[in-house]
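Build out the structure end to end from the sequences listed, making use of the hints.
Residue numbers (my numbering), protein chains in the order written: chain P, 1 to 500; chain V, 1 to 500; chain B, 1 to 454; chain D, 1 to 454.
These are computed hints drawn from the structure, not numbers from a lab.
Treat the numbers as computed from the prediction; the structure is a model and nothing was measured.
Hints should not be assumed to be uniformly reliable.
Said to hold, decoys possible - No more than 25 Å apart at the CA atoms, straight line, and that leaves these computed lysine-lysine pairs for PhoX-like:
1. B:69 <-> B:450
2. B:450 <-> B:439
3. D:69 <-> D:450
4. D:69 <-> B:62
5. B:88 <-> D:88
6. B:320 <-> B:177
7. D:450 <-> D:439
8. D:69 <-> D:439
9. B:69 <-> D:69
10. B:69 <-> B:88
11. D:69 <-> D:88
12. D:439 <-> P:47
13. B:69 <-> D:62
14. V:47 <-> B:439
15. B:69 <-> B:439
As the list claims (entries may be wrong) - Non-contacting residues of chain P with respect to chain B, defined by C-beta distances greater than 10 Å in every case (computed):
16. 45
17. 67
18. 132
19. 187
20. 204
The C-beta atom is built at its ideal place from N, Cα and C for all residues, glycine as well.
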Amino acid sequence: MSSQPGGRAASVPLMGHESEPTLFEMSVSGRSSYQLRTTGIPETALKELIPTDHLNPDVVPVAEVSERDLVGHFTRLSHRQFSVDLGMYPLGSCTMKYNPKFCDAIAADPGLNAVHPGTPASLSQGWLEILVTLEEKLCQVTGMGAATLQPAAGAAGELTGLLLMRAYHEANGDDRRRVIIPDSAHGTNPASVTLGGYEVTTVPSNDRGLVDLTALRAALGPDVAGIMLTNPNTVGLFEEEIVEIAKAVHDVGGLLYYDGANLNAILGAVRPGDMGFDIVHMNLHKTFATPHGGGGPGAGPVAVASRLVDFLPGPKATRVADGSYDWVTPERSIGRVHGWHGNALVLARALAYIDVHGGDGLTRVAQHAVLNANWLRHRLREILPAAYDRVCMHECTLSATALKTKYGVRALDVAKALLDEGFHSPTVYFPLIVDEALMFEPTETESVQTLEALAQAIERIAERASIDPEALHHAPQHTPVSRVDEARAARHLIATADAK
Amino acid sequence: MSSQPGGRAASVPLMGHESEPTLFEMSVSGRSSYQLRTTGIPETALKELIPTDHLNPDVVPVAEVSERDLVGHFTRLSHRQFSVDLGMYPLGSCTMKYNPKFCDAIAADPGLNAVHPGTPASLSQGWLEILVTLEEKLCQVTGMGAATLQPAAGAAGELTGLLLMRAYHEANGDDRRRVIIPDSAHGTNPASVTLGGYEVTTVPSNDRGLVDLTALRAALGPDVAGIMLTNPNTVGLFEEEIVEIAKAVHDVGGLLYYDGANLNAILGAVRPGDMGFDIVHMNLHKTFATPHGGGGPGAGPVAVASRLVDFLPGPKATRVADGSYDWVTPERSIGRVHGWHGNALVLARALAYIDVHGGDGLTRVAQHAVLNANWLRHRLREILPAAYDRVCMHECTLSATALKTKYGVRALDVAKALLDEGFHSPTVYFPLIVDEALMFEPTETESVQTLEALAQAIERIAERASIDPEALHHAPQHTPVSRVDEARAARHLIATADAK
Amino acid sequence: MADYLPHTSDDVASMLEFLGMNSLDDLFAHIPAAVRLANGLEIEPGLSEPDVAAIFAGYTSKNTATATKMTCFAGGGAYDHEVPAVVKALASRSEFVTAYTPYQPEVAQGVLQAIFEYQTLISRLSGLPIPNASLYDAATALVEALNMAGGATGRQKMVISAGIHPHWRHVARTFAKGTGHEIVVVPLRDGVTDWESVDVSGAAAIVAGYPNYLGVLEDLSTAKSLALREGALFVVGADPVAAGVLKTAGQWGADVFVGEGQAFGTPLSFGGPYLGLFACSEDQVRRLPGRIVGETVDSSDRRAFVTTLRAREQDIRREKATSNVCTNQTLMAVTAAIQLGWLGTYGLREVATRCARGAHYLFDELTALPGVSPVSTQPYFREFALHLGRSADEVIERMAERDVLAGLSVAALCHGAEPSIEGSIDDVLLVTVTERRTKDEIDHYVTAMKEVLS
Amino acid sequence: MADYLPHTSDDVASMLEFLGMNSLDDLFAHIPAAVRLANGLEIEPGLSEPDVAAIFAGYTSKNTATATKMTCFAGGGAYDHEVPAVVKALASRSEFVTAYTPYQPEVAQGVLQAIFEYQTLISRLSGLPIPNASLYDAATALVEALNMAGGATGRQKMVISAGIHPHWRHVARTFAKGTGHEIVVVPLRDGVTDWESVDVSGAAAIVAGYPNYLGVLEDLSTAKSLALREGALFVVGADPVAAGVLKTAGQWGADVFVGEGQAFGTPLSFGGPYLGLFACSEDQVRRLPGRIVGETVDSSDRRAFVTTLRAREQDIRREKATSNVCTNQTLMAVTAAIQLGWLGTYGLREVATRCARGAHYLFDELTALPGVSPVSTQPYFREFALHLGRSADEVIERMAERDVLAGLSVAALCHGAEPSIEGSIDDVLLVTVTERRTKDEIDHYVTAMKEVLS
Ligand SMILES: Cc1ncc(COP(=O)(O)O)c(C=O)c1O
Ligand SMILES: Cc1ncc(COP(=O)(O)O)c(C=O)c1O
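Printed below as a string of structure tokens:
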């Protein structure tokens with residue numbers, strides 16, 4: 001029998017560490033799972049309906065597995081996957097907080113997920129009301145005038161924001177070429193700037209891990225369209241000179257773009273709009289707890305100051321005169337940035353999350369997120385000193401430089417060893433301005449007992465580093481696979497089961 | 001910090017083999033998860049509503065955990081648990097076939113699960129129709145006249161059946177004392193007989209693993225109320241002399257009880273009623289694929305021949321004159337055997353399963369179940385010869401006697417070693433009449449590739465037995481815990497976290 | 001044709017060939033032809049899942065009184081409690097749902113530990129040290145308690161308060177036909193058990209309800225002293241939600257606690273699968289029915305859990321077993337552990353308190369209506385019975401037209417068991433309020449009842 | 001107050017003490033007072049989950065056209081396909097749902113292998129060897145294809161058939177403002193692209209739809225030859241369900257395939273989250289947008305999967321990256337792999353075949369109605385456009401009263417993009433049939449349409 005068994009669980013860490021066959025290796029000609037409704041429609045031969053030059057002479061192979069094997073396969077794969085539901089996921093910059101099951105239930109309601117996106121507004125008033133309500137609350141959270149909910153993720157929000165920036169300047173008849181970005185910025189920022197048709201000017205961070213104001217002033221000029229900032233920045237520090245920065249940028253006629261990936265730190269404490277930002281994107285899949293789905297979907301709404309409202313993408317769900325809701329396209333809209341209305345079910349989850357927390361709850365979210373990050377930073381100060389050792393916001397960027405110089409144990413080794421300790425690794429080697437960076441974002445939903453357990457795990461790892469550093473280069477050992485050969489994957493690409 | 005972290009995943013086999021703290025060890029005073037509806041009802045103090053001598057002066061401690069830790073805990077526990085969805089579960093006598101997700105969805109419909117059992121028939125016609133329809137189909141499958149759906153499991157069905165037997169004989173004014181059971185019977189049979197107020201007379205099996213007809217005839221007499229048989233029996237063999245057995249028992253005025261645990265083997269091939277049985281229980285959680293839930297719930301409907309119909313438990317969902325449905329209690333009913341109407345949602349699942357398969361599908365189910373068992377028996381004949389080497393039905397009882405005499409490797413060792421091979425163990429040391437019994441029931445939903453993989457795993461184990469038998473006494477090694485100290489558990493009972 | 005079978009016709013052919021057979025029929029050839037089914041089952045051919053779903057949509061459309069369409073004030077052992085998404089998500093994890101009884105502890109620590117936690121919680125809520133891993137439902141749990149009492153005392157006489165749920169009493173009667181137990185029911189007066197009215201001498205068990213089926217809270221000390229006097233086991237059938245604020249069975253001196261665990265995370269489910277709760281005192285441990293999980297260690301001294309005291313059970317003890325139960329209600333027990341973990345210590349208190357508040361609020365409103373009078377003047381918890389002066393069945397139908405499931409007709413509930421109520425029975429309605437009921441819903445109930453009774 | 005925060009007031013106090021702080025405010029003290037939010041957010045206080053559920057019940061009650069309440073004949077890139085319970089159960093496993101991007105392959109083999117299987121399936125359905133791990137949706141996938149073409153050719157001119165979905169064209173226009181691409185739209189004649197009508201010289205990309213947005217099946221060889229002639233990339237935006245029976249993009253000679261994957265297990269979801277499909281030829285691999293998973297081995301030579309060719313991506317390449325995409329639609333990709341695994345080779349064929357049969361059956365019935373005429377006389381797959389001689393918007397409203405979502409108004413769909421249809425636009429209805437539509441449903445549609453048009 002050539003094909004692989006569908007009922008063997010040796011790949012489930014519960015029982016063994018073998019690899020799981022692919023769906024295709026399990027496939028057996030003639031086997032099937034699908035069951036379709038009885039339609040009663042005459043079974044005319046396809047070639048009588050469609051000219052043969054359109055019909056595929058070959059059968060495209062998908063897979064042929066039984067429902068039982070399908071279930072076994074994907075259930076086993078799920079056992080080979082870490083997730084928030086299994087344990088702490090302190091990935092800096094990713095805000096891997098607990099995702100309430102309640103919000104999943106909201107999104108699973110056919111009253112929301114069985115609505116066709118092309119349904120006339122008159123027959124989908126509930127959905128339009130959800131979108132308008134969410135927009136209002138997001139504007140309140142950010143201190144902005146209006147928002148588009150179309151962008152499907154943060155990066156999509158960034159590009160949308162840059163196109164808004166461009167449209168605004170063009171409307172004012174001035175064409176600008178550069179967008180300023182700090183050297184600590186996330187990679188999507190410069191990539192989006194390029195796609196927005198601008199040139200990137202990078203400004204260095206100062207020795208406090210913040211934007212170097214003098215360097216920024218030097219970089220500013222009449223050809224600067226704006227600046228993209230994350231505040232707190234990617235190091236987890238608040239840009240304390242934000243007022244001066246805003247003034248400097250506005251003085252040259254530039255706009256301030258707020259990368260909201262770190263919004264979780266400041267909910268209810270300070271608002272981008274009040275800091276002087278003109279354009280803000282939010283990562284609902286971070287701050288508002290919508291699940292990451294192993295890499296997506298997300299949602300990256302963009303809120304803007306009143307002077308930019310007319311340029312927002314359309315059509316936009318809007319409350320109209322008679323109190324009902326309709327699709328309206330802003331006067332000078334840059335146009336659609338999504339095939340339909342954005343990641344609607346993600347948006348609904350976020351609204352449910354906001355409603356449960358309310359203004360008071362959201363404020364507590366930020367307070368406890370910041371408390372946790374600072375507790376962890378302080379707790380680990382001996383082993384992994386913070387790159388900039390002072391009060392941080394929702395995340396702390398620590399450095400393994402000491403371990404590296406003393407024992408040759410790198411940030412990567414610590415990250416991998418943590419897996420054997422029952423914790424997901426933090427973000428490593430980001431931001432680029434910190435040497436041997438280990439960026440921890442505990443989020444507000446982890447308890448102090450969990451933080452303490454993480455700290456003790458790191459203490460054990462440091463202990464091991466002093467005794468047997470070599471062993472750490474081979475961590476993890478308890479996981480279904482050990483360190484993987486990334487170079488080989490890139491050298492000889494095998495992107496499908498059909499690649500030879 | 002005394003209490004245990006809720007966010008550490010070291011107990012998840014994916015990452016480690018530490019033990020998972022209990023809910024109580026994770027508990028922290030003041031922490032909580034619950035959220036309740038706002039009622040608007042005046043918050044009167046309890047002591048103004050209920051006399052203080054009823055109020056508990058102390059607070060009963062439950063646990064105090066966050067929702068995030070609750071989710072982490074039970075998700076991690078689920079990763080420490082084997083299940084059909086993870087792989088083959090060849091437990092003989094348990095019929096661990098694939099449980100269709102479709103049937104779960106049926107049971108999750110509020111249209112079924114949000115109905116109060118005390119709802120008047122007029123307001124729950126859909127439920128009554130489901131019960132009547134299922135009853136009819138189960139009678140068709142077993143060849144019986146009518147059925148009760150109340151018994152919550154097989155054993156409850158057995159006792160119900162014995163009370164029906166008793167009521168029948170009493171109605172005929174003859175009081176009988178004994179019920180005959182083969183020595184291969186499942187333990188619930190004799191236990192039920194006792195609770196039914198009868199004495200057990202055990203008849204031996206012959207050298208073909210079947211009821212010894214002569215011994216049976218010898219045991220029969222006017223004081224015999226009936227006999228309980230499983231056919232195919234617990235060895236997985238069909239009682240070929242069933243016609244003679246039935247005649248012999250009926251001749252002395254006894255009734256034949258059919259233990260339907262093995263009904264999966266004969267669907268559409270032969271029916272208990274046609275074999276001469278008067279009372280039949282079914283295990284819907286075996287034959288009709290309702291999930292076992294880690295030990296329950298099940299459903300054990302009892303179908304009877306027409307002469308016993310009047311004695312069935314009541315009230316019974318019944319189609320009445322005007323075509324509507326109502327609760328009717330049979331004339332000489334033995335009374336209720338369940339607090340309400342039985343495990344209704346399990347019953348609904350079973351009906352959905354029957355509807356999907358239809359008569360043709362159910363017949364195939366039995367054919368393929370028997371095919372798989374025979375294929376496996378034949379495939380393993382060299383290493384684990386069948387106790388009775390001839391065509392078996394849905395399961396095969398193999399013996400590890402050879403391995404034991406040659407290498408001192410017992411059935412238990414083979415069972416445990418299989419866990420390390422990614423397969424759940426078969427049923428061991430049952431039925432009692434087979435030495436070193438390993439009872440495999442592959443069920444119809446496992447593919448031949450999976451059967452072959454199981455066979456190869458057993459070959460590897462036999463190989464290891466010949467090389468290093470000692471190692472097998474220490475299997476399993478890959479599982480979250482190794483062999484557990486059962487003696488200690490019994491010697492010093494710790495049944496709760498509060499036991500000292 | 002629809003099914004879940006993996007075998008292709010080639011598979012079947014090659015497998016038969018391996019067995020030296022020509023057809024699937026050969027596998028059944030040894031079954032006497034005389035009894036073989038000639039023309040297959042008379043059941044319609046298989047339908048696809050979506051087709052079957054359509055059939056079931058037809059059934060559900062005829063269930064007009066779902067708790068999602070009507071506000072539920074019905075109780076009587078089945079309660080409309082909040083079940084949050086998180087509990088549904090965890091309890092439906094397929095590892096819990098599709099596992100068998102934990103026969104191989106090395107790969108069943110998930111279910112075993114969850115049961116251990118369930119046992120701990122039931123022990124705390126019952127105030128008794130020895131819980132089991134669940135029984136079918138409360139009614140059959142009572143039967144097991146009676147069997148335990150019979151075994152403990154060697155006596156046959158079971159003295160049961162009429163305050164015990166009528167269905168439980170009914171079930172006890174049914175099984176007594178097998179065990180030969182004599183069931184003596186003690187009547188209620190003004191909703192309270194009149195223990196003096198019967199001869200309890202030689203009783204194996206004294207059984208009381210707390211609260212009783214009419215919702216009334218009885219002082220159980222009389223019953224306890226009778227049990228002590230007679231050397232009988234004192235069995236208390238209690239509402240586990242009440243343990244959030246009221247005295248536990250253990251505090252009342254119970255030797256055995258039985259109860260219905262549906263309230264902990266299991267939907268109304270038309271009566272099943274539910275959860276039979278059982279716990280007893282140390283000295284009855286060898287007579288414990290069903291499974292019990294114990295803590296131990298594995299060969300490398302790691303904590304582990306395993307089913308224990310197996311020697312009591314049917315598979316080993318056979319006809320001498322303490323009970324015949326094998327499959328139980330584990331999934332509901334695991335669900336209860338999850339739901340109680342979600343509720344927590346103070347959530348359970350809050351739920352119990354809200355039940356009581358809502359019930360008393362509604363009681364006051366209803367008893368103020370002309371012609372409505374309470375069946376009992378005694379204290380109650382979250383449930384109460386009223387004489388309406390009108391057929392309860394009819395009132396329920398009329399209330400349903402107003403989207404309210406008004407309660408249970410006591411006459412219907414007591415089919416096959418004594419209601420033990422003074423005065424008329426047909427007009428008695430048993431009304432229940434859970435924490436899910438809002439003031440608006442209750443006020444709507446009262447308005448609707450006014451209309452119906454006017 | 002409701003939230004999911006674990007900290008008790010004691011926790012907060014002791015943690016602050018550990019930090020030598022007195023209040024939570026101290027943590028924010030370094031934020032300039034001038035910009036601090038004085039009085040908190042103007043958002044109502046938190047509500048409990050059941051209270052919020054009640055609010056959402058209010059919303060859903062106003063969504064009157066759900067595919068569960070109305071029979072759905074609307075398509076245009078969003079289709080009402082069967083999604084079985086088994087796919088929902090597997091795709092909602094919390095390990096898939098609550099995982100982040102697989103940055104640590106040692107504990108992410110589950111998602112990585114599922115993506116690898118998804119990539120294999122998309123490669124087969126597109127007929128192209130290099131798939132990626134998903135993009136936001138079809139519209140943004142098209143934008144990435146144009147960017148790829150720009151990069152590959154160093155040119156700016158994007159020649160796009162008007163047969164491409166109007167929303168995709170609209171989105172392409174929006175992003176072209178940033179990239180500076182020139183978008184040239186090629187009109188349709190009788191529903192087929194009239195390539196001759198525009199100057200395609202110096203094109204970076206030639207983009208065609210298959211079937212096009214009106215459901216029409218165009219012969220793509222003309223487009224392909226133009227692409228060859230101009231040295232442009234040939235981009236095909238295809239319906240992946242069609243690949244069950246029709247020629248794949250690869251078979252038509254495409255260099256790049258883009259499509260919408262919603263049809264594979266994702267509900268209608270009011271338009272998102274959906275699944276942007278993307279695959280290209282070997283020679284474009286270095287320009288591939290987004291993530292790609294590759295097979296490799298671990299240090300003990302076991303097969304393992306990992307995200308690869310990372311050097312293209314924004315986090316490493318920054319302003320020179322091939323794309324800015326980071327978070328994608330992985331969960332929908334995993335869902336698609338599961339749904340396709342369930343459908344299998346012949347299930348997909350069957351679905352595609354039934355779509356075509358149903359559509360042709362309905363087409364024949366409708367075009368027989370007086371005043372109804374097809375927009376195109378060309379062959380189509382499962383979707384077609386009709387002139388009704390009446391406002392399509394109005395017809396849709398009237399049909400909805402008869403529990404039918406009749407289709408999409410092409411005028412509405414083309415808001416912001418050329419419909420490219422001869423004759424009137426407002427009366428054009430785009431009608432779709434999926435495998436879920438039965439003959440009875442279609443016949444009811446026809447009857448209802450008769451009434452509405454009469
Ligand atoms: C600081 C920052 N900016 C932008 C992004 C991009 O957001 P997305 O991944 O949703 O496109 C991220 C996501 O990791 C981020 O951390
Ligand atoms: C042969 C046999 N009879 C009876 C039973 C008892 O059924 P249940 O466990 O549902 O009570 C079983 C269950 O294992 C069995 O295998």
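Results of checking the hints against the structure:
1. Note on residue 69 of chain B and residue 450 of chain B: the hinted pairing holds, with a Cα-Cα distance of about 21 Å set against a maximum of 25 Å.
2. Taken as a hint, the residue 450 of chain B and residue 439 of chain B pair is honoured in the structure, with Cα atoms around 16 Å apart against an allowance of 25 Å.
3. Using a Cα cut-off of 25 Å, the hinted pair residue 69 of chain D and residue 450 of chain D holds, with the two alpha carbons roughly 21 Å apart.
4. As the CA atoms of residue 69 of chain D and residue 62 of chain B are separated by approximately 17 Å, the hinted pair is consistent with the 25 Å bound.
5. With a C-alpha separation of about 15 Å, the suggested pairing of residue 88 of chain B with residue 88 of chain D holds against the 25 Å cut-off.
6. At most 25 Å may separate the alpha-carbon atoms for a hinted pair to count; residue 320 of chain B and residue 177 of chain B meet this at roughly 18 Å.
7. Restraint check for residue 450 of chain D and residue 439 of chain D: satisfied, since their Cα atoms lie roughly 16 Å apart, inside the 25 Å limit.
8. As the CA atoms of residue 69 of chain D and residue 439 of chain D are separated by approximately 18 Å, the hinted pair is consistent with the 25 Å bound.
9. Between the alpha carbons of residue 69 of chain B and residue 69 of chain D the distance comes to roughly 16 Å, so the proposed pair stays at or under 25 Å and holds.
10. Distance restraint check for residue 69 of chain B and residue 88 of chain B: the Cα-Cα separation of roughly 20 Å lies within the 25 Å cut-off, and the hinted pair is therefore satisfied.
11. A threshold of 25 Å between alpha carbons decides the hint, and for residue 69 of chain D with residue 88 of chain D the separation of about 20 Å falls inside it, so the pair holds.
12. For the given pair, residue 439 of chain D sits about 21 Å from residue 47 of chain P by alpha-carbon distance, which is consistent with the 25 Å threshold.
13. This hinted pair checks out: residue 69 of chain B and residue 62 of chain D have alpha carbons roughly 17 Å apart, not beyond 25 Å.
14. A threshold of 25 Å between alpha carbons decides the hint, and for residue 47 of chain V with residue 439 of chain B the separation of about 21 Å falls inside it, so the pair holds.
15. The straight-line distance between the Cα atoms of residue 69 of chain B and residue 439 of chain B is roughly 18 Å, inside the 25 Å bound, and the hint therefore holds.
16. The non-interface label for residue 45 of chain P is consistent with chain B: the shortest C-beta to C-beta separation is roughly 22 Å, beyond 10 Å.
17. Not every CB of chain B is more than 10 Å from the CB of residue 67 of chain P (nearest about 5 Å), against its label as outside the interface.
18. No Cβ of chain B comes within 10 Å of the Cβ of residue 132 of chain P; the nearest lies about 25 Å off, and the non-interface call holds.
19. Distance check for residue 187 of chain P against chain B: the nearest CB is about 34 Å away, which clears 10 Å, and the non-interface claim stands.
20. Taking the minimum C-beta to C-beta distance to chain B, about 46 Å, the non-interface status of residue 204 of chain P holds against the 10 Å cut.
Going through the hint list in order, the structure does not satisfy hint 17, though it satisfies all others.
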